[in-house]
Amino acid sequence: MLIKVSSALHIGLETVGVDVEINMASRGLPGFEIVGLPSKAVDESKERVRTAIVNSQIEFPSRKITVNLAPADIPKEGSFYDLPIAVGILSSVLDFRIPKKALFFGELSLDGSLRHTKGALLLALYAKEAGYTHLFVPKDSVNEAAVIPEITVYPVAHLAEVVEHLAGRYALEPVVHKKTAPSFDGAAVAEFDMAEILGQEQAKRAMEIAAAGGHNILMVGSPGAGKTMLARALPGILPPLQTTESLEVTKIYSASGNIPAGGGLLATRPFRAPHHSTSLVGLIGGGSKPQPGEISLAHRGVLFLDEFNEFPRAVLEALRQPLEDGTVTIARSLRRVQYPAQFMLVASANPCPCGYLNHPKKPCICSPREVQKYQKRTSGPILDRIDLHVEVPAVEVDDLAQHFSVGKKGVGLAPETSQKIRERIQQARDIQQQRFSSDNIRVNAEMKNAHLKQYAKLASDVEQILRQAANRFQLSARSYFRMQKIARTIADLEGVQEIEVKHMAEALQYRPKINNEE
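If you're matching positions, the sequence shown starts at 45 in the working numbering and goes up one per residue.
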């Protein structure tokens with residue numbers, strides 16, 4: 045007797061249909077085999093399925109059972125074939141029909157319950173594209189699948205529930221389509237509010253510009269100047285994800301298993317802050333079974349690299365292509381996987397090994413050679429891909445005290461809160477969304493040269509200033525165009541159509557005074 049149950053497999057962010065074929069032979073010694081290039085996790089399904097069926101008070105058939113996962117030439121990985129295998133075996137024992145337009149997906153526990161299984165969102169997207177109408181997934185994974193409309197999603201808590209439902213003795217209640225899971229509602233919760241950061245007005249302004257246009261930013265300053273606080277406060281001024289952006293991010297988190305049980309569509313922008321000891325694979329992605337790295341988990345959000353110069357040079361150099369293309373391609377002998385990586389890079393670094401170069405009070409103990417060697421850890425091509433370079437000077441104790449003083453003229457004015465800054469950034473993002481409505485980009489930082497000619501035209505006086513700066517500071521062609529993008533963002537923050545001289549002048553302030561470009 046041959047039974048077919050529909051399931052799927054994930055290759056990166058792509059999903060391929062899999063037919064789980066179960067043959068129940070009446071002759072021959074009892075046995076249980078799985079073929080079709082199964083991995084170790086898939087091969088172990090035999091014991092999970094057998095034990096789950098027995099513990100569900102159902103007699104396991106004493107026959108020769110052969111399971112084929114077709115197409116057989118694609119390696120099968122993961123534990124989500126447990127449910128379709130179990131349903132296929134039980135359909136021959138309990139005599140119920142399996143719906144043709146239904147997909148089954150989920151890992152079984154030994155007691156017959158279903159565990160939260162990664163990739164439910166990808167499965168739902170595939171089901172909609174392939175014309176499936178019913179989806180059976182673990183109860184803890186149902187919120188992921190339910191974000192896709194036009195599909196009936198059934199939450200399965202136990203194997204016995206599926207059996208009773210398919211036999212017509214019990215009706216599983218489908219989950220209604222929902223856009224967002226409660227655990228991800230609301231704005232991002234930042235570790236700090238911008239109002240808590242005293243002083244550093246220029247750095248705050250640079251952060252606002254970076255957030256408004258999606259630009260990369262590098263902060264250089266002595267220890268304790270507030271670089272990390274500024275970066276940790278950034279999520280609080282970022283606008284929430286749009287629906288399409290949210291779906292892009294959730295797909296990555298679903299594929300990598302980073303959505304917790306009961307979670308659904310992500311509504312806040314990711315903020316990833318890996319340690320400087322992170323490996324190349326950890327940052328970029330890869331492995332024998334290619335998984336997304338930190339740059340992909342930061343897609344449509346922020347990648348914060350603290351102690352930028354302490355990262356291995358090879359790790360930083362690997363950022364070149366993703367910073368330009370917004371994607372990362374991981375090629376292996378058996379497969380080639382592409383992950384999106386359209387992130388905003390926020391980096392912070394000390395000016396020298398001791399950290400006190402040009403400090404107003406603390407002397408630097410580093411030799412010129414040590415300073416040069418330390419700064420050379422970050423190559424010119426990487427620095428050239430960072431739009432805004434800002435110095436974060438040490439804040440004097442007297443200046444800090446003045447912020448809490450009252451009764452002095454001009455002193456005691458409350459700094460702007462993150463909410464107020466976020467409102468301005470949201471307005472600038474709305475302008476960009478309308479501007480790029482017919483293009484496949486979202487923010488100014490993603491503009492190509494053709495977009496600059498259309499959306500960032502420069503008047504003769506503005507272009508003259510940019511040319512003079514390019515000649516004086518020996519700006520590369522990449523930096524030249526990046527200045528146009530930054531000026532466009534500054535103009536958007538003011539809500540004006542034309543890029544003016546003051547906008548370009550401010551943009552040019554955020555290039556490094558010392559030429560480190562190659």
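Please note that the accuracy of each hint is not assured.
Said to hold, decoys possible - No farther apart than 25 Å at their CA atoms in a straight line, the calculated lysine-lysine pairs in the DSS-like style are these: (1) K405 <-> K90; (2) K108 <-> K162; (3) K172 <-> K162; (4) K162 <-> K84; (5) K248 <-> K464; (6) K162 <-> K144; (7) K248 <-> K546; (8) K90 <-> K108; (9) K162 <-> K145; (10) K405 <-> K417; (11) K420 <-> K406; (12) K84 <-> K108; (13) K464 <-> K497; (14) K144 <-> K48; (15) K162 <-> K90; (16) K48 <-> K248; (17) K420 <-> K492; (18) K108 <-> K248; (19) K501 <-> K546; (20) K162 <-> K333; (21) K464 <-> K546; (22) K492 <-> K84; (23) K145 <-> K48; (24) K417 <-> K406; (25) K172 <-> K144; (26) K248 <-> K172; (27) K497 <-> K420; (28) K90 <-> K48; (29) K333 <-> K417.
Said to hold, decoys possible - Each pair of labels, with its calculated beta carbon distance range: (30) R516 <-> A375: 23 to 29 Å; (31) A201 <-> P105: 23 to 29 Å; (32) K405 <-> A521: 17 to 23 Å; (33) D117 <-> G301: 34 to 40 Å; (34) A85 <-> E467: 33 to 39 Å; (35) K405 <-> S504: 25 to 31 Å.
Keep in mind the hints are simulated off the structure, nothing from the lab.
Remember, it's a predicted structure, so these values are computed and weren't measured experimentally.
Idealized CB from N, CA, C, for every residue including glycine.
Hints violated by the structure (numbers, ascending):
Hints 1, 2, 13, 16, 17, 18, 22, 26, 27, 29, 30, 32, 33, 34, 35 not satisfied by this model.
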